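Read in order, the letters of the sequence shown are residues 1 to 312 in full-length UniProt numbering.
Please note: incorrect hints may appear among the correct ones.
[To be verified] Distance ranges between label pairs, derived from CB positions: (1) 168 - 291: 11 to 21 angstroms; (2) 308 - 238: 22 to 32 angstroms; (3) 168 - 90: 33 to 43 angstroms; (4) 175 - 27: 14 to 24 angstroms; (5) 30 - 288: 38 to 48 angstroms; (6) 159 - 27: 38 to 48 angstroms; (7) 155 - 182: 36 to 46 angstroms; (8) 27 - 160: 15 to 25 angstroms; (9) 308 - 181: 22 to 32 angstroms; (10) 182 - 112: 14 to 24 angstroms.
Since the hints were made in silico from the structure, they are not lab data. Fair warning: this is a prediction, and the values are worked out from it, not measured in the lab. Ideal placement from N, C-alpha and C gives every residue a C-beta, glycine not left out.
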Amino acid sequence: EFMQAFWGIEAAQAKAFQRLASFVRQNRALPYLSQFVELITFAMKTHTDSLQLQLDGCSLLLEILSQALEQDVVMNLDEHVISNLLDTVRKHSENEDLLSLVCTVLMMISASEVAAENLRKVGAIPDLLSILRNFLHNEKICLPCCGVLWSLASSDNIDQALLKSAVPVTSAVLQEHLQNGPVTESACSALWALSLQGCLTENDYEPTTALLLDALRMNLERPVLVKTVCRALASLLRLSEIAALSFITDSKGSGINLIKETCHLHFNDPEVVGSICVLMDEMAQYDDVVLDMVSQKMEELLFEIKSHFPSS
1 EFMQAFWGIE
11 AAQAKAFQRL
21 ASFVRQNRAL
31 PYLSQFVELI
41 TFAMKTHTDS
51 LQLQLDGCSL
61 LLEILSQALE
71 QDVVMNLDEH
81 VISNLLDTVR
91 KHSENEDLLS
101 LVCTVLMMIS
111 ASEVAAENLR
121 KVGAIPDLLS
131 ILRNFLHNEK
141 ICLPCCGVLW
151 SLASSDNIDQ
161 ALLKSAVPVT
171 SAVLQEHLQN
181 GPVTESACSA
191 LWALSLQGCL
201 TENDYEPTTA
211 LLLDALRMNL
221 ERPVLVKTVC
231 RALASLLRLS
241 EIAALSFITD
251 SKGSGINLIK
261 ETCHLHFNDP
271 EVVGSICVLM
281 DEMAQYDDVV
291 LDMVSQKMEE
301 LLFEIKSHFP
311 SS
């Protein structure tokens with residue numbers, strides 16, 4: 001009631017944010033989380049020129065969303081809430097600290113199908129791509145932006161042309177952050193979703209395959225990333241023989257040897273091995289790749305896998 005009575009007074013809203021934060025930190029806000037989010041985002045929209053209020057609001061939203069996640073509370077935020085957040089993005093498009101907070105908020109809410117659909121409706125993708133192009137160097141921005149792209153590309157009713165424009169940007173993020181495991185993981189997930197949607201063109205297959213192999217080489221110890229890259233590569237090989245030939249003729253070494261190394265490193269992880277098997281199944285549809293698989297004694301690896309996971 002206090003916030004609604006003094007919408008136009010910035011100092012009042014800032015004071016209200018402090019009060020809401022104390023409720024959240026005392027775990028007394030759970031029944032009111034959705035209402036809190038609506039109040040906070042409306043206050044941010046009302047005072048969109050105030051950078052400090054935007055920063056404080058986004059920080060508080062992150063606390064609320066984190067608490068909701070811990071308590072398994074689904075936050076199906078409506079279009080108005082998401083539109084208010086995008087207003088913040090557009091008004092403060094040069095402030096990297098604020099953008100990293102807003103994009104993290106968007107990533108957390110995009111896990112909900114309803115919220116992902118609302119993000120699509122309010123036209124979030126062009127904003128995300130613009131942010132990525134402008135701040136390609138910033139890992140705190142690239143990671144959540146790619147996370148949102150993954151959620152949106154995994155949902156239905158997305159403009160195909162718009163998604164296709166995300167491919168070069170996402171590839172640029174991956175190239176820039178190959179040595180940063182979390183960002184690479186997020187970018188690979190987005191590329192996988194984009195490939196499943198048929199967004200890659202014939203000209204994308206070879207460079208994307210090489211890029212995914214680089215991501216795997218440089219992050220072999222990360223099981224989630226390994227699974228994602230194998231699934232993404234499998235998707236590419238399913239689509240194109242160009243990707244398959246690129247896989248076995250990569251200038252930095254054959255993908256077959258890399259897959260063998262990866263499999264032995266994660267041999268006790270059934271999910272990773274399962275993803276590798278999905279990839280090998282796609283590899284086996286091309287005669288030239290099969291010849292390489294035979295010469296590299298992949299049959300022995302397959303027997304090892306079968307023996308190790310007899311019930312799978």
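Outcome of the hint check:
1. 168 - 291: 11 to 21 angstroms: violated, 33 angstroms
2. 308 - 238: 22 to 32 angstroms: Distance hint for residue 308, residue 238 holds at roughly 26 angstroms.
3. 168 - 90: 33 to 43 angstroms: violated, 23 angstroms
4. 175 - 27: 14 to 24 angstroms: With Cβ atoms ~43 angstroms apart, the hint is violated.
5. 30 - 288: 38 to 48 angstroms: For residue 30 and residue 288 the Cβ distance comes to about 58 angstroms; the hint is violated.
6. 159 - 27: 38 to 48 angstroms: holds, 41 angstroms
7. 155 - 182: 36 to 46 angstroms: Between residue 155 and residue 182, where Cβ atoms are some 23 angstroms apart, the hint is violated.
8. 27 - 160: 15 to 25 angstroms: 44 angstroms Cβ-Cβ, so the 15 to 25 angstroms window is violated.
9. 308 - 181: 22 to 32 angstroms: holds, 26 angstroms
10. 182 - 112: 14 to 24 angstroms: With Cβ atoms ~22 angstroms apart, the hint holds.
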